[in-house]
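There are 4 protein chains.
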Amino acid sequence: MIIVLKPDHTEEERLQIVQTLRALGLSVHESRGAHRTILGAIGDEDALRDLPLESMPGVERVIPILKPYKLVSREFHPEDSEVAVGSVAFGPGPVQIIAGPCSIEDRQLLLETAQAIREAGATLLRGGAFKPRSSPYAFQGLGEKGLELLAEARELTGLPVVTELMDPRDTVLVAKYADVVQIGARNMQNFRLLKEVGNLDKPVLIKRGMAATITEWLMSAEYVASQGNRRIVLCERGIRTFETATRNTLDVSAVPVLKQHTHLPVIVDPSHAAGRYDLVLPLARAAVAAGADGLMVEVHARPDQALCDGNQSLKPERFERLVREVAAVVRAVGRELGGAP
Amino acid sequence: MIIVLKPDHTEEERLQIVQTLRALGLSVHESRGAHRTILGAIGDEDALRDLPLESMPGVERVIPILKPYKLVSREFHPEDSEVAVGSVAFGPGPVQIIAGPCSIEDRQLLLETAQAIREAGATLLRGGAFKPRSSPYAFQGLGEKGLELLAEARELTGLPVVTELMDPRDTVLVAKYADVVQIGARNMQNFRLLKEVGNLDKPVLIKRGMAATITEWLMSAEYVASQGNRRIVLCERGIRTFETATRNTLDVSAVPVLKQHTHLPVIVDPSHAAGRYDLVLPLARAAVAAGADGLMVEVHARPDQALCDGNQSLKPERFERLVREVAAVVRAVGRELGGAP
Amino acid sequence: MIIVLKPDHTEEERLQIVQTLRALGLSVHESRGAHRTILGAIGDEDALRDLPLESMPGVERVIPILKPYKLVSREFHPEDSEVAVGSVAFGPGPVQIIAGPCSIEDRQLLLETAQAIREAGATLLRGGAFKPRSSPYAFQGLGEKGLELLAEARELTGLPVVTELMDPRDTVLVAKYADVVQIGARNMQNFRLLKEVGNLDKPVLIKRGMAATITEWLMSAEYVASQGNRRIVLCERGIRTFETATRNTLDVSAVPVLKQHTHLPVIVDPSHAAGRYDLVLPLARAAVAAGADGLMVEVHARPDQALCDGNQSLKPERFERLVREVAAVVRAVGRELGGAP
Amino acid sequence: MIIVLKPDHTEEERLQIVQTLRALGLSVHESRGAHRTILGAIGDEDALRDLPLESMPGVERVIPILKPYKLVSREFHPEDSEVAVGSVAFGPGPVQIIAGPCSIEDRQLLLETAQAIREAGATLLRGGAFKPRSSPYAFQGLGEKGLELLAEARELTGLPVVTELMDPRDTVLVAKYADVVQIGARNMQNFRLLKEVGNLDKPVLIKRGMAATITEWLMSAEYVASQGNRRIVLCERGIRTFETATRNTLDVSAVPVLKQHTHLPVIVDPSHAAGRYDLVLPLARAAVAAGADGLMVEVHARPDQALCDGNQSLKPERFERLVREVAAVVRAVGRELGGAP
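Protein chains in written order, with the working numbering: chain W, 774 to 1114; chain F, 774 to 1114; chain L, 774 to 1114; chain B, 774 to 1114.
It is worth saying that the hints were derived from the structure and are not from the lab.
Each hint should be verified, as a subset may be incorrect.
Note that identical chains are pooled: a pair holds if it fits in a single copy or bridges any two copies.
Straight-line Cα separation of at most 25 angstroms, BS3-like style, residue types lysine-lysine; simulated pairs [said to hold, decoys possible]:
#1 K1088 with K975
#2 K1088 with K843
#3 K1088 with K968
#4 K975 with K918
#5 K1088 with K1032
#6 K779 with K1088
#7 K949 with K1032
#8 K843 with K779
#9 K1088 with K840
#10 K840 with K968
#11 K975 with K949
#12 K779 with K918
Bear in mind that the values here come from a model prediction, so they are computed numbers and not experimental data.
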């Protein structure tokens, strides 16, 4: 921690700050320049995190030096983590594609979609039983009935399933059916929910919040890890910016930035980023070219009947094309796709 | 709902769209210009909300005409709502000031702060027992013990209390102590939590999410109202932008924009917007000048010992000055402050 | 300047960095913690600004300590500056209101508007002769003819005039007519234009760029000041964010933040921030409540015939009301309005 | 143009709006729903662009239907344009890589860098002689001397050169040396400069402004095209968002979105987007995977001595690797790289 003192700080103020730091067991290193005096607090930076140093008289600015996360940091765990889901694994090996409808709506449609994505090369099936909808009047998901259908689709196809948990009260229920529990973008800082999944013995997929910095996102992963569950996959899905041509702005740079800071696998959801089916293919190619370990794509057997996100869902034919095109790019960056189309 | 067709749409595509609209009970109005054909769907727009019209062949763009919220809309309820909390009321009458510490930490400090803010002119006391902290290693609040202390402070000062609910499992507990239940910015789209408070017989204060549009915010209020609870207060607290000189960017325009669209009371939290105590006063003055019905201000008897948000907390002396300065501006816009300093 | 070394830096890398710093005449202060080694470079930070230290092996992060501007900084000029324009002055004294049409279009309309705003209490007249329009097909301004009309309006009303300079080739022409030369938001980082007005003997009004940080804005003012012209007024006019309910998001916090960092006068343009006439009044009140030294408001005798920004222009009657309401708030914050209505 | 009337509009207001539209030669189509009356203005939408319809009594909202640009629109020019620069061409054919230093600083370094990038496979050389620097105290470029060195490097390597024009007064000078004239991000809405290059007989490369929407960017291209010059290349270089892990946020979706709306070639500058050399490779791969027609990459023989953007410049060795990796992705998407490495 670096503490920059105000140019007009008093000797008394300086002493008060030094004493506060020493009382926390830190040693203090002082450096006086022509315009500013700087204090370096050496020792456990965590001791300082909650301390409102900037409110102390004489302090101009406080600059943390260490990252606020540890368990998910590459600094303390240099090798890439691998997160296994049955026979599939996210990580440094093959690139995995999760596909399926936004929400589970109808048994027939789900099974049809599940088989189609499996044939095309997807290795996991997604589908929402509990849906976070911005309108109270919109379809909210089938609940447990949806989870049962998802399990049936898993049985039929052999694909492990990913589904969202929205409410800590549903943790046991969702965990009973899901192979991967998803934390949605709107719940990325629902810290109670993060603690819940931190206590599960299941992989967790954490989507990035619409306005979350990469550091905040990693702190959410740290929440899960701090409870004991280190089987975490991060999923970039676009951030909110001023541009309205797309639903969100895919932050493709987040992939290599995360690769520097964390050992966790990173995947990308091009469907929610684009918000339009006709942009999903190029964004999917860009994601794996940037180094993503996987994709999460919305596919629906009949998008024009979808009750949720139909505008951004691919038909099975287009998804097949996506897998082919993505496979070529994946090979170009020296990797392989998980599924065998 | 306006549907703009692509310039190269086929007659078959057009007919398909018209039939889809008619099947939903809408009448269709067609307008052909030199460059575009436009379909107007007349009738219940809600029937269309979930329909992915943009994924239909031949459609270029879909433009909703009506607002997606009703219960909270001024269109269907032109008069300002008043939300009463004991003898205090948010709405077209006096401007109310909620003040208190970010988190409840210590009995003595809380009681001292509560008495100080009451003497200065605050009409409600705030304090967090459950704290959403971005780090799992930070102080997470005292929980029920904190709620008990808050109740003690209410007894001592007579001020109604506002406190945050983070988890649907705590609803009964928090409602037992709180006079106003707060939904924090990070939970603005925690739809399950919104439904919970929608079933309470208590006023609810909904903070704006960091990246929430005004429309999304009103939709969250609609969630609460749709469950039956219409005692809702909206609280602007800054949005996330590229500017880093402040913690968030106070969107002061949200106040008059909301006044046009909704009948609900609107207050402003200048403390979270600024993130620094030395900007709270001018932002508080700006908020009431823009028409806010109230303020929510972090005050702490000893900010340099605060376990949460000490950097943005005011000392009681500075809060007194804030009340005086705000009172002058409130009178200048033809209103009165709720408390009698 | 603080240089944080990578945890795995080599001794050779460290020596190389230290030598580079010393070769620039800086002394180096070293601080070794458990997890990081930090180098403090003491001396003239300017020597380092252009040096790509972050590209040197072993460097994790470089943190500048001093602000990059000097002439406009309050640190080196603690008193508020006053920028006089004839008998009017921007600064710590009275709050001034600049008003007038977006563009000069018609002699009669301009003179009518000028007289109306003068009677209402404005102390300067604005009007564009050269207009930055996002479409090449939109009205681009009357050019010199417009400047002549502006001069005629000045003669008639006695109000000094503010007008925009868009092209360095027009500097002499615009300076011949203008009392204050305006640099528009889109030209805030048109550095050649800034140098031009830096050599004028005229006050310069610099609008904030739509995506400019406060620091970048002050650097643009520093450009002007570095050429010798210190008669600079800063004008906040809204920044671009995700919110679309307003044309831009008025960053009202910029007013007190600037007051801390610079001695220059700060005014606010609520018209461009809002983009809608019906939000201008509350934003104008908020601006002066936050401490603005003036306002810049679009007024048009017949907004429905305006060739530019008619949607955000006030009619004279509404402007009169604005002046009355703003005057009350100005008095509430202990100041006076410049004009005598 | 669609005009939505307020629910409480009067018959007189409606008639006034209809008459205004008809007076402009438009025919009006009316559609009355349960909650809103909507007017469709059929005819030349351009007639309405400057009209402040939203300021007319009774109007709730105005929705334009047609895009405001024509010459650059794919609607009126469905085939991809090809922009030739000597023997190189941007467009549907090979993917081109522009490389070189941020600024021209030293003859030896420039020539060395130019030869290195040519050997690695770049097909155009970039280098700035006039530099837009946010600080007046930073290196501002060598001016004409720099242009001469650039010409010498062209002679030596045979590579056409790209350089930035900042000031309309330098147009003739820059055009004398440049093969492609660049409009920088900060000048994307410097409309006078756009008109200047619109009159040149040279290709123009327009970088996206930091806060420019895709529509605004295309309007800037329309400015150039409207003057007669249709040899335009668009260059995405990152937009400003809340995320600070990268200097800007590369909006990779802009590539496919532009491909839908315009026939112009689209390239990407990963260096300015990232702001850090160690992110340039993955972003370059992502750009071509998304469909970019080219790249613009900062390369410097000795980045640690660069006077500008050294932190984001690649050394020649790393650039060679970039070309190899990009070539593989380019082939994976069915295209070829322009240069033969």
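Taking 25 angstroms as the upper bound on the Cα-Cα distance, should K779 and K1088 be classified as within, between, both, or neither? Between copies only: 20 angstroms across chains, 61 angstroms inside a chain, cut-off 25 angstroms.
Within a copy, between copies, both or neither: where do K949 and K1032 come within 25 angstroms Cα-Cα? neither (31 angstroms within a copy, 45 angstroms between copies)
Homomeric proximity label, K843 with K779: Cα distance no greater than 25 angstroms: Result: close only across copies, 16 angstroms inter versus 32 angstroms intra.
Using 25 angstroms as the alpha-carbon threshold, which applies to K779 and K918: within, between, both, or neither? neither (62 angstroms within a copy, 39 angstroms between copies)
For the identical chains here, do K975 and K949 meet the 25 angstroms Cα criterion within one copy, between copies, both, or neither? For K975 and K949, only the intra-copy Cα distance (10 angstroms) is at most 25 angstroms; the inter-copy one is 35 angstroms.
25 angstroms Cα threshold - placement of K975 relative to K1088: neither (30 angstroms within a copy, 44 angstroms between copies)
25 angstroms Cα cut-off: does K1088 pair with K843 within a copy, between copies, both or neither? neither (42 angstroms within a copy, 32 angstroms between copies)
Is it within, between, both, or neither for K840 and K968, if the alpha carbons may be no more than 25 angstroms apart? within (21 angstroms within a copy, 37 angstroms between copies)
Could you figure out if K1088 and K840 sit no more than 25 angstroms apart (CA to CA) within one copy, between two copies, both or neither? Result: close neither inside a copy nor across copies, 43 angstroms intra and 29 angstroms inter.
At most 25 angstroms between CA atoms: does that hold for K1088 and K1032 within a copy, between copies, both, or neither? This pair counts as between: shortest inter-copy Cα distance 22 angstroms, intra-copy 32 angstroms.
Copy assignment of K1088 with K968, given that the CA separation must stay at most 25 angstroms: This pair counts as neither: shortest intra-copy Cα distance 36 angstroms, inter-copy 34 angstroms.
Within, between, both or neither: how does the pair K975, K918 come out at a Cα-Cα threshold of 25 angstroms? For K975 and K918, only the intra-copy Cα distance (21 angstroms) is at most 25 angstroms; the inter-copy one is 33 angstroms.
When each numbered hint is compared with the structure, violations occur for hints 1, 2, 3, 7, 9, 12.
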